Amino acid sequence: MSETPPQNYHHQKPPFYRDAVVVKWLFQLGALALVVFSLWFLASQARDNLAARDISTGFDFLSVDPGINLSEGIDTRPATGGRALWVGMVNTIRLATAGILAATILGLVVGLARLSNNWVVNKLGSVFVETLRNIPLLVQIILYGAILANLGDLSYDSGWDNWVIWSNKGLSIPRVFIADGFYQWAIFMLIGSIVARWAYKSRQRQHDETGRDTYPWLGSLGVLGVFAVIGWFIHPIFGWVGGIFGAVEDGISKIPEEALQAVISIIAILLAGNWIRNFLRSRRTPGGSAQLTDDDKFRVIFSGISAGLVIVVVYVVWPGLSSWIINSSSDLFGVLEDKFGNGRSGGPFGADRPEVIKPGKFEKYGPSGLTMSIGFAAVFFGVVFYTAAFIAEIVRGGILAVPKGQIEAANSLGMKRSAALRTVILPQALRVMMPPLGNQYLNLTKNTSLAIAVGFSDLVQVGQTVGNQTGKNLSVFAIWMLFYLACSLTISVVVNFFNVRLRIVER
Amino acid sequence: MNEPTTIKIEKRPEEPSRTPREWIRKNLFSNIPNTILTLIFGAISIYAIRALLGFILSGERRWGAVATNMRLLMAQGYPADQFVRVWFTLGCLMALSGLSLAAWRASGRLSVKKISIWTMNLGGGLAIFAVLAPISWASRLGWIIAGMLFVLVGLSMWFGLRDSEKRLSGSVPTVWFTYGILGVLVLSLWTVPYGHYAFVDGELIAETGRTVAMSTKLPFTVMWLILVGSYLIGTQVRDWIPSGKAKGVLVGLWFLSPFILNWIVLRDPDFDYAHIASTDIPLALMFAIGGGLALYLLSKPDLGEIGRIVAIGFLIFAVFNWVAAFFGWYPMLQKVRISFVLLALAALIAPNFAADKRTRLRFAASWIGLIAVSHWLITAINSPSTLKLQGPTYLGGFSLTLFVAVLTLLLSFPLGVLLALGRTSSMPIARVLSTAYIESIRGVPLITILFFFSNILPLFLPEGMEIAELAAIVTGYTLFSAAYLAENVRGGLQSVMRGQYEAADAIGLTTSQRTGFIVIPQALRVSIPPLVGQAIGVFKETSLVAIVGAFDLLRIAAYVVPAQTEFLGVKREGLLLISVIYFIVAFSMSKYSQKLEERVGLGER
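Top to bottom, those sequences are chains Y and C. Using the numbering used here, the first residue of the first sequence is number 11, and each one after it goes up by one. Using the numbering used here, the first residue of the second sequence is number 61, and each one after it goes up by one.
Hints listed in this document are in silico derivations from the structure and should not be mistaken for laboratory results.
In silico negatives: residues of chain C with every beta carbon more than 12 Å from chain Y:
no.: 1; residue: Lys-173
no.: 2; residue: Ile-177
no.: 3; residue: Gly-240
no.: 4; residue: Arg-298
no.: 5; residue: Ser-434
no.: 6; residue: Leu-569
no.: 7; residue: Phe-577
no.: 8; residue: Val-579
Restricting the straight-line Cα-Cα distance to at most 30 Å, the calculated cross-link-like pairs of lysine-lysine (DSS-like) are:
no.: 9; chain 1: C; residue 1: Lys-651; chain 2: Y; residue 2: Lys-133
no.: 10; chain 1: Y; residue 1: Lys-133; chain 2: C; residue 2: Lys-655
no.: 11; chain 1: C; residue 1: Lys-174; chain 2: Y; residue 2: Lys-133
All figures in this text were calculated on a predicted structure; none of them were measured in a lab. Heads up, the beta-carbon is just placed ideally off N, CA and C, and yes, glycines get one too.
Whole structure, please, built from the sequences with the hints as guidance.
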C-alpha cells in the first residue's frame with residue numbers, strides 16, 4: 011500500500027446524471043413509461059377501432075346463446091357462450107389429464123427400453139424416440155387423423171365382441187362411471203386411508219424394531235381394500251353428512267356483503283403489513299439499522315400497493331365480488347348437500363358396454379360406451395407419442411445421471427435388481443427427472459390446443475368459434491390466457507410439491 | 061468465429077470384436093427373459109415394418125399426387141416463368157455453403173471401416189425390407205440381389221484393408237463423401253426412371269417409365285456443380301486470403317442472405333428509379349455522411365460527458381419522432397424515423413469505440429454500411445413486386461416454412477437476449493416487466509398467440525396502418541419465441557462466474573462494455589446447445605402457421621393437394637412425405653447439437 015492516499019475520486023460527488031442510482035431509476039421509469047404508453051396507445055386504438063366497427067368488448071357474450079354446435083363434450087348444444095367455453099375447458103382438461111397419464115407410462119417404458127441390454131428392444135426405443143420427436147406434432151396429429159378417418163364404417167361387427175368397437179367414427183370402450191352412492195362411499199375411503207396410513211406406519215415400526223419383512227405397503231392396501239368392500243354395501247349410513255353441508259349453506263347465505271368486503275380488506279392489509287414487518291426484520295443487520303437495497307424498497311412499496319389494489323378492487327372496481335363469493339360458495343355447499351344427502355342407495359360405480367344406435371340414416375355410437383372420437387384420438391395419440399418421446403429421453407438421462415457407484419453399492423449389499431431399482435436408482439433419478447418432466451406436462455397441456463386442426467372441441471377451438479360468431483375475439487383471448495396460465499400454475503405447483511419432497515435433505 | 065479447438069476428444073476404447081454368433085448371443089439371447097423380449101419385440105418390429113411397407117407400396121397409394129405437386133410443396137405458386145429466381149437463390153446458398161466449408165476447413169474424416177459397415181447395413185436392410193415387403197417375387201429377388209451387391213461392396217472394402225492397422229487409419233474426408241453421395245443422387249435423376257409427373261396447362265401428365273422432367277434434373281445438377289465448384293475454388297483461394305477476414309465476410313453474407321435473397325431476388329421489387337435518384341439516394345447519403353461524421357466525433361476519447369448528452373438528445377429526438385407519428389403531428393418518411401433510431405443507438409454505444417483513429421474510422425465505416433444495407437432493403441420492401449401471383453404471397457410451401465423459421469430466429473434473438481438481461485438485472489422494474497412478459501408468454505400455447513396476431517392485432521393498429529397477414533404471423537411468432545430464447549440465454553447468463561463481472565469492473569469497463577464484451581459472449585457460448593434445440597423447435601412449430609391460414613408446407617400437403625380434382629382426398633401420402641422432410645431437417649440439426657454439446661461440455665471440464 012502506498013503511503014499517500016490516491017486521489018479522492020470518491021469524495022467528489024458525481025453529477026446527478028452520472029449517479030448510478032439516479033440513472034438506474036430514470037432508465038427504469040423511462041422503460042415503464044414507454045410500456046405503459048404503448049399499452050395505453052394500443053388500447054385507445056383498439057377502443058376507437060372497435061367503436062368504428064360497432065363491436066363492443068366485454069364479457070356479456072358469456073350469457074348469450076352463441077348458436078353453435080360442438081362436436082363432443084359434456085354438452086354439445088350449449089345454451090350460453092360461457093357454457094360453450096366451459097365445455098371446451100372440460101374437453102381440454104380431459105385430454106390433458108389422459109394424455110399426461112398415458113405419456114408418462116409410455117415414456118417410462120420407452121426410456122427403460124433405451125437402456126435395455128437387448129439389442130432389438132434398445133433399437134426399437136431409439137427409433138421411436140428419434141422419429142417421433144423430430145416430426146412436428148401438428149403434422150403427426152393431422153396424419154393420425156387422416157389415417158383414423160380411413161377406418162371402416164361403423165357397425166356392430168367392427169370390434170371385439172361388443173366390448174371394444176372401432177370405426178371411422180371413433181373408438182368406443184365400456185364406460186365406468188360414478189354412480190349414485192359415490193360421495194358417501196368416498197367418506198368411507200377417506201376414513202379407510204387414514205386407518206391405512208396408521209397401519210403402514212405401525213408395520214413400518216415393526217419392521218424397524220424386529221427386522222422382519224412386514225410389507226407395509228401390502229398391509230395398508232389391504233386395509234384400504236377392506237374399507238372399500240364394506241363401504242360398497244353400507245355407505246348410506248353416512249347420509250347425515252349432507253345435512254351438515256346444508257347447515258353450512260344456510261349460514262353462508264346469511265353473511266352480509268359489507269362484512270365480507272371489510273374482512274377481505276382487513277386480511278389484505280394484515281397480510282401486507284405482516285409481510286413487510288417480517289421482511290424488514292429479516293433485513294435487519296446485527297447493528298440494528300436495516301440496510302435496504304433498491305430491490306428491497308421496491309418490494310416493500312410493491313406489497314403496500316398490492317394491498318391497496320385489493321381494497322380498491324373489492325370496493326370500487328368490482329363491488330359485486332363479495333356477493334358473488336357468497337352466492338357461489340353457498341351454491342357449492344348446496345350441491346354438496348345434494349351429493350352427500352340421504353336416499354342415495356346405489357353403488358359407488360357402474361359400468362356400461364358400448365352400443366351402436368341408428369337414429370336416422372346412419373349408425374352412430376350410443377351414449378352408454380366411453381367413446382373416443384377421431385378428433386380426440388388423433389390429438390390424444392399425437393400428444394402422447396410426441397411427449398412420450400421427450401419423456402423417454404428424460405427418463406434415460408435421469409437414470410444415467412445416477413452415479414454408477416450407487417448401483418454397484420446396491421449390488422454389493424446383495425439387493426435384488428428390482429429392489430435396487432426401486433429403492434436406490436429411481437429415487438435418485440426422479441430427483442433429476444422431476445423439473446424437466448414438469449415442463450413436458452406443461453407442454454403437453456398447451457399442445458392439446460392443436461386439437462383445432464382436427465376439429466376436436468377443445469377450449470381454443472370452441473373459443474375461436476365463439477369469438478368469430480360474436481366478434482368478441484379479444485375477450486376470448488383473455489379467457490384463453492387465464493385458463494392456460496391457471497393450468498400452468500396448477501401443474502407447476504404439483505410438480506414443485508414433489509420436487510420439494512424428493513430433494514436431498516442436507517444439513 | 062471459433063478458434064480451432066485444441067481439445068482432443070478422447071475416444072472410448074475399441075470394443076473387442078466378436079464373431080456374429082457371440083454378438084447375437086450376448087445382445088439377443090443372453091438369458092431367458094432376454095430371449096422372450098427378443099422374440100416378442102422382434103415380432104412386433106417385423107409386423108410394424110410389414111405394415112409400413114404395405115401401406116407405402118399399396119396399390120391404393122397415389123404417390124403421383126406428391127410427385128406432381130412437388131413444385132407446389134416447395135415453392136407454392138411462384139410464377140413458372142420466373143422460377144429461375146428460386147434456383148438462383150438456392151444456388152447462392154449452395155455457393156455460400158461450399159465457400160464456408162472451405163473457409164472453416166471442414167476437416168472431418170470418415171473411416172473406411174465405418175463406410176464399409178454402413179454399406180453392409182444398407183445392403184442387409186434392403187434385403188430384409190425386400191423379404192418383408194408385399195411385392196412380387198421377381199422384384200423381391202431383384203431387391204435382394206441389389207442388397208447382396210451392397211453387402212459385397214462393403215465386405216470388399218472391409219477385407220480389402222485386411223491389414224488391421226490400415227483398416228483403422230484409412231479414411232476419406234466427410235465433405236467429399238457427402239458430395240459423392242449427393243452426386244450419385246443427382247446422377248440417378250438422369251438415369252433412373254422415377255417417372256415424369258406434371259401439370260401442363262392444367263392437364264395432368266403422368267408417365268411412369270421416364271426419368272424426371274428436365275426442369276428438375278438440370279437445375280439440381282447445376283446446384284450440385286455449384287456446391288462442389290465453390291468448395292474447390294474456396295480450397296484453392298483460402299491460403300491467399302487472411303482467414304479471419306474471409307470468415308468475417310462469409311458470416312456477414314450468411315446474415316444478409318435471408319434478407320437480400322428474399323426481398324431482392326425472390327420478390328423482385330419494381331424500383332422506381334426516378335424516385336430513388338431524387339429522394340432515396342440523397343437521403344441515404346445524408347444519413348451516411350452526417351451520421352458517420354457525428355459518430356466519428358462522438359467516439360473521440362477525450363469527449364467526456366458531452367458525448368453522452370448528445371447521444372441522449374438523439375435518443376429523445378428519435379423516440380419523439382415515433383410519438384409524433386402516432387399522433388400525426390408532422391409527416392416524416394418512415395425510413396427517416398428508423399434511421400434516427402439507429403443513429404441514436406449507435407451514438408449510445410459510440411464511447412465503446414473511443415480508441416485510436418483506426419477503430420473510430422472503422423466504427424464510422426460500419427455505420428455507413430448499415431445505412432446502405434438498411435436503406436436499400438427498406439426501399440426494396442416498399443417497392444411493389446413485379447411478380448404476377450395467384451396466391452397471397454410469393455413464398456409458399458417449404459420455402460415459406462424456411463422463411464418463417466429463419467426470420468423468426470433472427471428477429472427473436474436480440475429481443476430474447478434483451479429480455480434475459482432484463483430478467484437477470486438488478487433493476488426491479490425492468491426485472492418485473494421482463495419476468496411478467498416471459499412467464500405470461502410461456503404460459504399460453506403458440507396457437508393462441510398466432511390467432512391473436514392474425515385476428516386481433518389489426519384492431520390495435522392506428523387508422524390507415526395495415527399489416528400483412530404474414531408479417532403479423534411472424535411478429536407474433538417472434539414475440540413468442542423470444543420469451544423461450546430469453547430463458548435459454550438466462551441459463552447461460554447465470555453460468556457466467558461472478559469473478560468475470562468483478563474483473564470487468566476492476567479494469568474500469570462501463571456497464572454496457574462489461575455486458576457486451578465480457579458477459580454476453582461467455583453466456584452465449586454456454587447456451588449454444590439449448591439455442592440449437594430451440595431452433596429445431598421453432599422450425600417444427602412453423603407448421604402451426606398453417607392453422608392461421610399461411611400456405612406453408614403443411615397446409616399445402618394437408619389441405620391444398622387433397623382439394624385438387626385429380627387427387628381428391630389424397631392426404632396421407634403428402635403428410636408422410638412432409639413428415640420425412642421435417643424429420644430430415646430436424647434430425648440433422650439435433651445430431652449437430654449433440655456434437656456441439658459434447659464439445660462445449662468437454663471445454664467445461
